[in-house]
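Each protein sequence line maps, in turn, to chains S, G and A. The numbers in the numbering used here rise by one with no breaks, and the one at position 370 of the first sequence is 373. The numbers in the numbering used here rise by one with no breaks, and the one at position 59 of the second sequence is 60. The numbers in the numbering used here rise by one with no breaks, and the one at position 227 of the third sequence is 1060.
To be clear, the hints were calculated from the coordinates, so they are not data collected in a lab. Note that the structure is predicted; figures quoted are calculated from it, not measured. All residues carry an ideal CB built from backbone N, CA and C; glycine is no exception. Treat the hints with care, as some may be off.
To be verified - Estimated spans, in silico, between C-beta atoms of each pair:
id, chain 1, residue 1, chain 2, residue 2, range
1, G, Ser162, A, Leu836, 41 to 49 Å
2, S, Ile407, G, Val34, 55 to 63 Å
3, G, Leu16, S, Asp368, 54 to 62 Å
4, A, Gln1012, G, Arg112, 15 to 23 Å
5, A, Gln1012, S, Glu110, 38 to 46 Å
6, G, Phe184, A, Leu940, 58 to 66 Å
7, S, Lys545, A, Glu886, 34 to 42 Å
8, S, Lys545, A, Gly960, 56 to 64 Å
9, G, Arg13, A, Lys1062, 45 to 53 Å
Stated by the list, open to error - Here are some chain S residues pointing at chain G (derived, C-beta under 7 Å):
id, residue
10, Thr105
11, Asp324
12, Asp411
13, Ser416
Said to hold, decoys possible - Simulated pairs of lysine-lysine, DSS-like, Cα-Cα distance not exceeding 25 Å:
id, chain 1, residue 1, chain 2, residue 2
14, G, Lys42, S, Lys319
15, S, Lys365, G, Lys42
16, S, Lys490, S, Lys523
17, S, Lys227, S, Lys523
18, S, Lys273, G, Lys42
19, S, Lys135, S, Lys102
20, S, Lys299, S, Lys402
21, S, Lys319, S, Lys299
22, S, Lys342, S, Lys490
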Amino acid sequence: MVDFPPLNKISRRSALALPLGLAASTISNNFVKADEPVRGGTMVMIVQPEPSTLAHYAVTAGNIPPIATQIYEGLVTYDWDQNPQPNLAKSWEIAPDGKSITFKLREDVFFHNGASFTSADVQFSFMEILKKYHPFAPLLLAELTGVDTPDATTAILRLANPAPYLMKALAGRDLPIMCKSVFEGTQILQNPSANKPIGTGPFKFGQWDRGQFVRLDRNEKYWKPGLPYLDHIIARFIPDAATRSAALETGEAHFAGYSAVNYADLARMKTNPILDTTMKGYEMTPALSVLELNAKHPPLDKKEVRQAIAYAIDRKVILRDVMYGYGQPATGPLSKLFKTVGFYTDDVRNYDVPDRLDIANKLLDGAGLPRGANGMRFGIHLEVNSFGEQWLRQAEYLKQALAIVGIDLTLRSEDTATWLRRVYTNYDYDINEPFLSQGVDPVYGLNKQYLTSQIRKGVTFVNDSFYSNPEFDNILNEAMREQDHDKRAALYKKAQQILAEDCPLVWLIDVQYVSVFNRKLHDHTTGPLGTQQAFERAWLEK
Amino acid sequence: MKAGFTRFARNRMALFGAAVLLCLLLLVLFTPVIYPDNPFKLAGPALQPPGGRFLLGTDTLGRDIAAEIAYGARTSLIIGVGATFVAIVLGAVAGGVAGYYRGATETVLMRITEFFQTIPAFIFALLIVAILSPSVSSEIIAIAAVSWPSIARLVRGEFVSLGGREFVQASASLGASDARIIFHHMLPNCASSIIAVGSLLIGTAILLEAGLAFLGLGDPNVMSWGLIISAGRAVLRSAWWICTFPGIAILLTVLGINLVGDGLNEALNPRLRER
Amino acid sequence: MRLARYIGYRLVTALPVIFGIIVLNFLLIHLAPGDAASVLAGESGAATPEYMEELRHKFGLDQSLGMQFLTYVSNMAHFNLGYSYRNDADVSGLILERLGPTSLLMLTAFGTALALGIILGLLAATGRNSWRDNIISVISLVAYATPGFWLGLMMIVIFSIGLGWLPTSGFDTVGSGHQGWAEVWDIGRHLVMPAVSLALFYLALYARLMRASILEQTGMDYVTTARAKGQTERRIITGHVLRNALLPVVTLAGVQAGNLIGGSIVVETVFGWPGIGTLAFNALQSRDLNLLLAIFFISACLVVIINLAVDVIYVLLDPRMEI
């Protein structure tokens, strides 16, 4: 097996021309730049907002991985088809019963503190850190019972039941490997290395000047010979959106991923000769913007009312005016990005039909909610998502859209803490407009949002709409352990159809992130994890 | 001759301010006629530059900015006047009681007033709005909470100087109740100063409201100038008009209020009147 | 000596004020729903109740309000401002890091506003009703009515994007490796627009007040006497009027110090200035109790100190003032 296969060089132009989803599988060496990589230079990337911590193993906020994955690596990486590729693990073997995975580890890897990387680090990282503190552990590592280390270069993950999704989540972004000697005997959450991370990656932590930047320095002893090319990466934090754009346009910053740049500014940026954009590198970062409907609050307990709301909204308007055309109207509970791995289906109840307003009005009439004197049937509240400006825009649109079918929406805008408490602890809300990351496998996005067992008071971003359907629960639980890919896909298709019919949520936009970069910066997006994997091959033209 | 010209020029400024305010009031009164639809309505394509079908262009959602500004004027005035009114009531009570009773009451009340003046006003206002959750009433409460100390100090000062005047002493000796003396004799005597200072407070209140809304602490169900700017900030460079026009509206309104306030100050407050 | 005693006396009288601020802030912030643990967990996407409990315990949020308050006061007495769980760092460290940029911004803005305000007010008053007075009056009237954040946005459009003269944001050019004067120049260029945005309102305020104050003084009897004695206007202004006219301006400047900190929240956010204002807004958004309490405390202390300084300047300016 090749240790690290040469990644395909991607032509930005050809990548952009291809439709989303198809791009990944059809890219080849069709365009090789004549320029050869150059060593040296400092890349400035914009990260928005500033992370509150770099404790990547315990907090999964989206602004941490762009920095943390430069430092922490995973057992594998993924190619454009989302197949696992060797990284800290040279090879692996899944037992026929699916209940253990044996990893052969590299011998020549060292942590930034000089300690050599062994199976003990894998064991400690999985059992003592990730399983105990990683927020996704209850889903991703639920089946993990232990890690055996027969020798220094062999780590065997023991599973209570098959966990086919686990092989999708072993990159540095999702399940990073930490150094045992740094954490052993300390309180994990208070460990000083939280904000001075020590990993095996191509860049070492340099300095964190709060409110300003994080500086990462080249790891001279990186195990991939000759890499990385850059001397430094600086992650800059600029709170104001217009100012972030300006920093790219003036050349002060080279890269802004994960939609750190306002969608509204992208059209102008594309005309800037020093800048270019790409939508690649987000193939494993599916996300949907949705409306959660509180089924405990009448009249949202009626399926017809929920469906009427889904019919009343014109997703194309949201896409055009709120998302500036980046993304696609969501068709159901799973992102279209899952098409690549065969789990997505659009064979579900379609809410985006020409006579949708008539249907919505009929459904509401049928539910016994006639229009009053002012043309309104009933009034409910919408909790405005406090994570950014665009959510207020979306809320303002929804107010208009629902008024057309006679639903009087009042917007409530609170700070993050109050909002989260109201929605996930007090359940004192009607409609909530969160943004749901769907993880690398349907098991993540579907289980936590719709399973009856995930109605967990006080826990954020789980089932807060009180959806409970035993038949659906059984299907998801079966799909979670099903090793046969086709059978699994069939189960998920059934699950999506049930959800679309019951309509516990209204799925709005299948989000598409965009990266903006300076044309002098090359090879920044080398895989489906894009911004959330190491920039080991990125280089700057002199 | 020169003094007469000066007075004229000065009046002209106040007149200009009054004219601006009059236009604003007319706009607010006739908004429902000019723009019968609610300002959140999507009126046309997004990001239309000014001058076309839409006088001041459209914003990121395709809403008519002219309509937004017209409805925003109402919000700004309601909050500006409302907060100032609450501040005057609070300030007059605190300052009046302190200036009338003097002694320990005065010390305590003035300590509290100073205390509220010491707290950085804007941070305090942010905190109040955040705790009460953003709405028109919470903005009024927050702005009043940071504005009343100046009125309290003013009223106390006036009361202290009035306290010795013969007529107050006369009413006191005639057995008038404290409340009667405060509300019937003393407060009307400082009404002119309160009006002059209060009119200027409206301008400050409007600026404060704009700042709060700009930081996302405005009432999301009500159109306001700060909200338009905050929404347009993201597209500042591709659509300059979204941020520019409401800013000009704020500027003109506050300017008009200040000019009128200055004029009132000179007319009503003899100590500042020029010789 | 008497001055030293006076300062000591004023410091002692300031103590109850500071204690009051601690009590008020603590109560206010605890009135608010939502806590730091739920925000942190919210950013994580999902968390177990056990994890949330652990976070709450770590933050001391599971203790009674009284206990939390006692802990806080005792910490303050030891100048230990607490730990920001949200930022995973010491509060005092976080504030100290931000204190430099904020002080620089505020002192620059304050100094510029005060100096230019006094000069413009003087120029306007001495050339009363001339074109000079009118221009200065109009400018200060407009500046007095302009929201600082809007001015900042407009300046970014004109000077950064349109003309490319000044950087859009930040404290300095990160990674430039500037040293010595090059660094000073670099920071200076970043400082111009935020400082102007913050200063303009106060500049207008001081100019207006200075003008009015001088005009009021020139009507006083002592000026008439001086004129009768045949002193030149220039000598009257510099010798007598200026010092007396400065008093109300200095007083107001002291009172305004607190507002300057508030104004810097908006301006710092617009320009990405890494100061206390940005820190305060982020802390408020994420309900970072310890950090917010500390910022309130520090800024209130700053105001107390500035007011004290103003009182001292007052005494120095006006010998008649009783100590």
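For each hint given before, does the structure comply? Return the numbers of the non-compliant ones in rising order. 1, 2, 4, 6, 7, 9, 10, 12, 16, 18 and 21
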